[in-house]
Amino acid sequence: MSNTTPERGAAHSPGKALYLSVGLAVLWVVLAFANPDTTFHLGAPLVAAAVALSHRTTGSGPLSPPAAAGAAVSGLTNALIATGILALNDKLEGGTLLPFGDATVETLLFAVGGAVVGFGVGVWGRR
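So the sequence shown is numbered by our numbering: it starts at 1466 and just counts up by one.
Calculated from the structure, these hints are not laboratory results. Don't take each hint at face value.
As the list claims (entries may be wrong) - Distance condition first, Cα-Cα at most 16 Å in a straight line; then the derived EDC-like pairs of lysine to aspartate or glutamate:
#1 K1556 <-> D1502
#2 K1556 <-> E1571
#3 K1556 <-> D1567
As the list claims (entries may be wrong) - Label pairs and their calculated CB-CB ranges:
#4 V1581 <-> G1560: 21 to 27 Å
#5 L1553 <-> P1530: 19 to 25 Å
#6 T1523 <-> L1492: 19 to 25 Å
#7 V1581 <-> G1549: 30 to 36 Å
#8 G1585 <-> N1500: 18 to 24 Å
#9 S1525 <-> G1566: 16 to 22 Å
Every residue, glycine too, gets a C-beta built ideally from N, C-alpha and C.
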């Protein structure tokens, strides 16, 4: 019987948790290139939260705060890379839900929000 913690399991297969985030980022970029006038409001927060969410869906329980922070930063990095690709190619031209800024500002703020939610989901629950 093994006493594997979520952190140890993640350390043995670090790429598995990133697959969902990278896959969502690629899907978001492809959709945005195909429809530059449409804002995919949930793209950035889903990409940013996906690493922590994929850790939690394994059923291994909550992550420690440092592991959840690492998962949130990994997802946020993926979201920022995708945002940069879209912004540099002028593919963030749609409307915004915020009363200030453009779609790029909204995407950056939503990505940070997604990372915060991902961190919260990562640490939520009993250890």
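Against the structure, the hints:
As the CA atoms of K1556 and D1502 are separated by approximately 7 Å, the hinted pair is consistent with the 16 Å bound. For a cut-off of 16 Å, the pair hint linking K1556 to E1571 stands: about 14 Å separates their Cα positions. Under the criterion of a C-alpha separation no larger than 16 Å, the hint pairing K1556 with D1567 is consistent with the structure, at around 12 Å. Take V1581 and G1560: their Cβ atoms lie about 24 Å apart, and the range 21 to 27 Å holds.
The supplied range of 19 to 25 Å is broken by L1553 and P1530, whose beta-carbon atoms lie about 34 Å from each other. Separation of T1523 from L1492 is about 22 Å and conforms to the stated range, judged on CB atoms against 19 to 25 Å. At about 20 Å, the CB distance of V1581 to G1549 disagrees with the hint of 30 to 36 Å. Roughly 31 Å separates the CB atoms of G1585 and N1500, a value that falls outside the hinted 18 to 24 Å.
One distance hint, 16 to 22 Å for the beta-carbon pair S1525 and G1566, is violated here, with the actual separation near 38 Å.
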